[in-house]
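Heads up: the protein sequence lines correspond to chains A and B, in order.
For the first sequence, the working numbering assigns the number 1 to the initial residue and increments by one for each residue that follows.
For the second sequence, the working numbering assigns the number 1001 to the initial residue and increments by one for each residue that follows.
Warning: the hint list may mix true and false statements.
[Said to hold, decoys possible] Quick list of in silico lysine-lysine cross-link-like pairs, BS3-like style, CA-CA up to 27 Å:
(1) Lys-1287/B x Lys-127/A
(2) Lys-131/A x Lys-1287/B
(3) Lys-3/A x Lys-335/A
(4) Lys-295/A x Lys-32/A
(5) Lys-338/A x Lys-3/A
(6) Lys-1196/B x Lys-1170/B
In case anyone wonders, no lab produced these hints; they're calculated from the structure.
Take a look at the letters that make up each chain.
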Amino acid sequence: MDKKKLGYWLFFIALFLGPLYLTEFRLALMGKFLCFAIVALGICLIWGYTGILSLGHGVYFGLGAYCTAMYLKLESAGGELPDFMEWSGVSALPAFWQPFSNPVFALGASLVIPALLAAMLGFLTFKNRIKGVYFSLISQAVVVVFVTLFVAKQDWTGGTNGLTNFTTFLGISLSSPLVQIALYMLTVITLGISFALASRLTNSRAGRVLSAIRDGENRVRFLGFNPTSYKVFVYSLSAALAGLAGTLFVLQVGLISPAMMGIIPSIEMVLWVAVGGRHSLIGAILGAVIVNSAKSFFSETYPDIWSIFLGLLFIIVVMFLPNGLVGMVQSWKDKRKKSKQKGGTANATDSVVS
Amino acid sequence: MAVVITQIFNGISLGSILLLIALGLAITFGLMNVINMAHGEFIMAGAYTTYVVQQAFSQYVPESFFNYYYVAAIPLSFLIGALLGFVLEKTLIRFLYHRPLDSLLATWGVSLILQQVARSIFGAPNVAVTSPAWLDGGIAIAGAVLPYKRLFIIALVTICMISLYLYLDKTAAGRKMRAVTMNRSMASSLGVSTKKVDAAAFAIGSGLAGVAGCALTVLGPIGSTIGTYYIVDAFMIVILGGIGSLIGTVFGALSVGMLGTIAEFWTGASMAKVIVFVAIIAFLQYKPAGLFSARTRSLE
Chain A
1 MDKKKLGYWL FFIALFLGPL YLTEFRLALM GKFLCFAIVA LGICLIWGYT
51 GILSLGHGVY FGLGAYCTAM YLKLESAGGE LPDFMEWSGV SALPAFWQPF
101 SNPVFALGAS LVIPALLAAM LGFLTFKNRI KGVYFSLISQ AVVVVFVTLF
151 VAKQDWTGGT NGLTNFTTFL GISLSSPLVQ IALYMLTVIT LGISFALASR
201 LTNSRAGRVL SAIRDGENRV RFLGFNPTSY KVFVYSLSAA LAGLAGTLFV
251 LQVGLISPAM MGIIPSIEMV LWVAVGGRHS LIGAILGAVI VNSAKSFFSE
301 TYPDIWSIFL GLLFIIVVMF LPNGLVGMVQ SWKDKRKKSK QKGGTANATD
351 SVVS
Chain B
1001 MAVVITQIFN GISLGSILLL IALGLAITFG LMNVINMAHG EFIMAGAYTT
1051 YVVQQAFSQY VPESFFNYYY VAAIPLSFLI GALLGFVLEK TLIRFLYHRP
1101 LDSLLATWGV SLILQQVARS IFGAPNVAVT SPAWLDGGIA IAGAVLPYKR
1151 LFIIALVTIC MISLYLYLDK TAAGRKMRAV TMNRSMASSL GVSTKKVDAA
1201 AFAIGSGLAG VAGCALTVLG PIGSTIGTYY IVDAFMIVIL GGIGSLIGTV
1251 FGALSVGMLG TIAEFWTGAS MAKVIVFVAI IAFLQYKPAG LFSARTRSLE
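Only chain B is shown next, with the shape it has when bound in the complex (with noise of 0.2 Å):
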C-alpha cells in the first residue's frame, strides 16, 4: 500500500514539476506559436535569482526573517524572467513570427549565450540554495512520507495555474491574448494592439518559466545547464497535450509524470527517460494533433 501511495505521488510530484516548466512553454509555444530554445535559460535565471536572493539575505537581514527569504524569490524570479522573455521578444523575436525554424535557431544561440554569462558570473560547478526550513520534513499517510517540498511545488504549480486561467479567462488583457491567439488579423482589426499583446504574452510565459525555476531549487543543486536537462520533456509535453490547449498541456505533464515515474520503478531512471520519449513519439504517430487539440477545418 505504502508503495502504491508513493509511487502515485512520486509521479503527480513529477507531474507537477514538468507542468510548471511546460506551463510557460504552453504560452510561448502552445498560444503564440513561438519557439523558445531559450526558455530552459529562463528557468536558469529564475534558479539563480532564488540563489541570489538567498545569498543576500543571509548577509544583510537579520537571521530570524531567513526562512522567508523564499516568499521574495518567488516574484522575484517572475519579474526577471518576464524581463528576460520581454527583452528577447523585443529584439528578436518579433522579426521571427513568420519564420518559426529561424526562431528555433536563433534562440538557441541566446541559451548557449546565456548559460555561458551564467556560467561566467556564477562559475562553473552547481552552487546549492539552502531551502527555508518550514520545507523540511512531510507528512506521514499510510506507511509513506509525502515531502513538504514536493507537496509545495504541486501548491505552487496550482497557483498558477489557477491564476493563468483567471487572467486569460477573466481579465480584459488576457481575453485579449486569446482574441490575438485565434485570429490575430480580425483582432488586430478590432483594435487589439497585437505588438503589445504579444510581448505581453512572452513575458508572462517566461516568467513562469522563471518561477519554475525558483521551485527547482528546492529539489537539488542549480547549474548552468539546469534548464537543457527539462527543455526537450517540456516541448514534449505540450506538444503532446496538443498544441494551444493549456488543459491539454496538464493532462501531457500528469501523464508523463506518472508513466515516468512507473517506468523508472520497473526499469530505471535512464531506460525510463527511453520508454517516455518512445511512448509520446509513438502516440503522436496516432494522434499528430495532440491529446486536446482544436478542432479546425484549416489546412495548414
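Isolated chain A, as found in the complex (with noise of 0.2 Å):
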C-alpha cells in the first residue's frame, strides 16, 4: 500500500514539474487536460464507485465555467457593458450579472451553482427511483435544455460564441507566460488535492455504501441506509468537481462556449473514465490525459479519423476492457503472480478458468 502511495507522490510531483520539461504549447494542452482529469474524477466517483451513468457533466462544467467567465468579461470590460451584449442591443447589465462583478462571489457561484443544480435534480430523480439508463437518459435531456438555452439568450450568454477575450484576472493580465505557469501549477494542486479527497472518500464507510448501491441498491435500502441521500451527496460532489474543473479552464484556456458543454463533450468526459479505468480514481487521471493527448494528436494529423477512432474506443473498451487500462495492468499483473506462484509454468486450463 505505501509503494502506492509513494507511486502517486512521484505522479504528483511529475505533473507539477512539468513547466520545467514541457514546451509553452505543451503545457498549455497538459493544463487543458489536467481541468477535465478533475471532471474525470467526479465521474469516477458516481460511476464506477455508485453505479450512476451521468451524460449531463458537460452542464457543470460549463456552468462553473460560465460563472467565472461573466466575471473576467465583467473586469475585462472595466465597468462598462460587455461587447457581446452591446452587439445584441442590451442597454442595461442584466441583474444577475451584477453580483458576478464580485471575484469572491464569482468562484464561489461556479462551484456552489452546479453542486445545487445536482443536488436538486438528483434529489427529485433518486427519490423518486429513476435509476439507470433512464437516469442517464434524463441528464442526456437536462444537457439539450442548457444547450439551447445558452445559444437562444444570445443577449445574456454571448450565444453559440459564448463567452471569450478576456485580459486579466483580479487584475493580473492572463496571457503572461508566468502566469500561465502559475495556472498551471494551480491546476496540479487542485486535482491533487481533488483525488486525495476522492479516495479518502472511497476508503471511508461512505464509500463502501455507495459501492454498495451500484452492486444492490435495495439491499442497501433494506439493511437501513437511505441511498437518496448518498447518491444526491456523492453526484453534487461531482457536479461540484466538474464546476472547479470548468473555472480553471476557463483561466487557462479563456473560452467557453455552448459547443463545450453539449451532448458529445458530455459523453466523452465518460469515455476518459472508460479507457482510464471506471473503478479507480487514478485511471480515471490517466484516461482524461490519453484521451485528450490521443484527440489533439489525431485531429492535428487526420481530422477525418478520430471520430472513427473514437467510436471503435467506445467499442473496445466497452467489450474488451471493461475496466479499462488500469484493469488491464492489473489483470496482466495479477496472471504474472500466479504465474510466479506456480513455479513460472501457467498451464493451458488456468487461463481457461480465469
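Hints given; two lone chains; assemble the complex.
Okay, here's the thing in C-alpha cells:
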C-alpha cells in the first residue's frame, strides 16, 4: 500500500514540475487536460463507485466555467457593458450578472451553482427511484435544455460564440507565460487535493456504502441506509468538481461556449473514465490525459479519422476492457503473480478458467 | 379559426414525425430494454437510402417513372435499416444485454463511426432529396392549408402503427416477441428461441428507423447529423409514454408534438424545445414510470 502512495506522490510531483520539461504549447495543453482530469475524478466517483451514469456533466463543467467567465468578462469590460451585449442591443447589465463583478462571489458560484443544480436534479430523480439508463437519458435531456437555452439567450450568454476575449484576472494579465505556469501549477495542486479527498471518500465507510449502492441498491435500502441521500451527496460532489474544473479551464483557455458543454463533450467525459478504468480514481486521471492527448494528436494530423477512432475506442473499451487500462495492467499483474507461484509454468486450463 | 386548425394540424404533424422516429425505439428500447444510441444513424441510413434511390431513378429510369421512386425507397429504407440493426445486434448488442449502460456507450461509438462513414461517402454538406411531384401542394380547410407532405407522413405512421400492431398481436412471430419481453426465461423454456426473437425484434425496430429517415427526406435536406437532432427527443418520448407500451409511445409523441407547437407559437423554436424538455423531466418526477406503465409488483 505504501508503495502505491509513493507512486501517487511521484506522479503528482512529476506533473507539478511540468513547466521544467514541457514547451509552452504542450504545457497549455497539459493544463487543459488536467482540468478534464478533475471532471473525470467526479465521474469516476459517481459512475465507477456508485453506478450512476451521468451523460450531463458537460452542463456542470460549463456552468462553472460560465460563472468565472462572467466575472472575467466584466473585469475586461472595465465597468462598461460586455461587448456582446452591446452588439445584441442590451442597454443595461442584467440583474443576475451584477453579483458576478465580485470575484469571490463568481468563484464561489462556480462551485455552488453546479452542486446545487445537481443536488436538486439528483434529489428529485433519485427520490423517485429513477435510475440506470433512465437517469442517463434524463441527464442527457438536461444537456439539451441548457445548451438550447445558452444558445438562444444570446444577449445574456453570448450565444454560440460563448464568452471570450478576457484580459485580466484580479488585475493580473492572463496572457503572460508566468501566469500560465502559475495557473498550471494551481491546476495540478487542485487535482492532487481532489484526488486525495476522493480516495479518502472511497476508502471510508460512506465510500463502501456507495459501492454497495452500485451493486445492490435495494439491499442497501433494506439494511437501513438511505441510498437517496448518499447518491445526492456524491452526485453534487462530482458536479462541484466539474464546476471547479470549468473555472480552471476558462482561466487557462480563455474561452467557454455552449459547444463545450453539449451532448458530445459530455459523453466524451465518460469515455475518459471508461478508458482509464472506471473503478480506479488514478485511472480516471490517466484516461482523461491519454484520451485527450490522442485526440489532439489525431485531430491535428487526421481530423477525419478521429471520430472513427473515438467510436472504435468506445466499442473496444466496452467489449474487451470493461475495467479500462488500469484493469488491463491489474489483470496482467495478477497473471504474472500466479505464474510465479506455480514456478513460472502457467498451464492452459488455468487461463481458461480465469 | 384558421390559426387554431393550423396549430392543431402542426401539432399532430410534429407528433407523427416524432412517433415515426420513436416507434422503432419503442421496440428496441421499450420492449427489449436496449439503449441503442445508433438508432439516429439508422434514421440517417434510411434517409441516405432514399437519396440514393432517387439518384438511381433519375439516371437509369425513364423520366415518367421518376415520381414513383418513393414507392421503391420506403421498403428499401426499411431493409437497409433492418440489416444494419441485425448486424449490430449480432456483433455487439447480444453480448451486452445484461449491461445496459455499457450498451449505451458502445452503440454511441457505433453512431460516431456511422456518421463519419456517411460523411466520407456523401460529403459533409447536406444533400437535398427532390420529393415526388404528387406530394406538392395541399388541401385547404377553413382557410388553413394542410400540405400533402405532412398528411403523407401522418398516413405513413398510421400504416406503420397498424402493421406493427397486427404483427405483434396476430402473428406467431409477434406473439413470441411479446412473450420474450414479458418473461424471457419462461418463454425460453417453452421452446421459443430467444436469440432469434431478439435479432428479429431488433431488426424490425431498426427498420422502422429507416422508414422514419425516408419520411424525413420530404421535409428538408438531409445530412449526417439528422439522427442526432431527433434522438434525445425520441428517447424522452418512449420514457414519457412508459417503457414497454406502444400505445404510451403514441400518446407520448402526440402530446410532445402538441406541446411543442403550442410553445413554439408563443415563444419561438428554441424556447419551445426547452419548455418541452423541462415539462417531460418534471412530469417524470410525478410519474416516474411514464404515462402508460405496466403494473408490476417487481422491485427492480
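Status of each hint after checking the structure:
1. Of the pairs offered as hints, the one joining Lys-1287/B and Lys-127/A holds, with about 12 Å between alpha carbons and a cut-off of 27 Å not exceeded.
2. Restraint check for Lys-131/A and Lys-1287/B: the C-alpha separation of about 14 Å stays at or below 27 Å, so the hint holds.
3. Taking the CA atoms of Lys-3/A and Lys-335/A, the gap is near 20 Å; set against the 27 Å cutoff, the hint holds.
4. Note on Lys-295/A and Lys-32/A: the hinted pairing holds, with a Cα-Cα distance of about 13 Å set against a maximum of 27 Å.
5. Between Lys-338/A and Lys-3/A the CA atoms are separated by roughly 20 Å; this keeps the pair inside 27 Å, and the hint holds.
6. Restraint check: the Cα-Cα separation between Lys-1196/B and Lys-1170/B comes to about 19 Å, which is no more than 27 Å; the hinted pair holds.
In summary, this structure violates none of the numbered hints.
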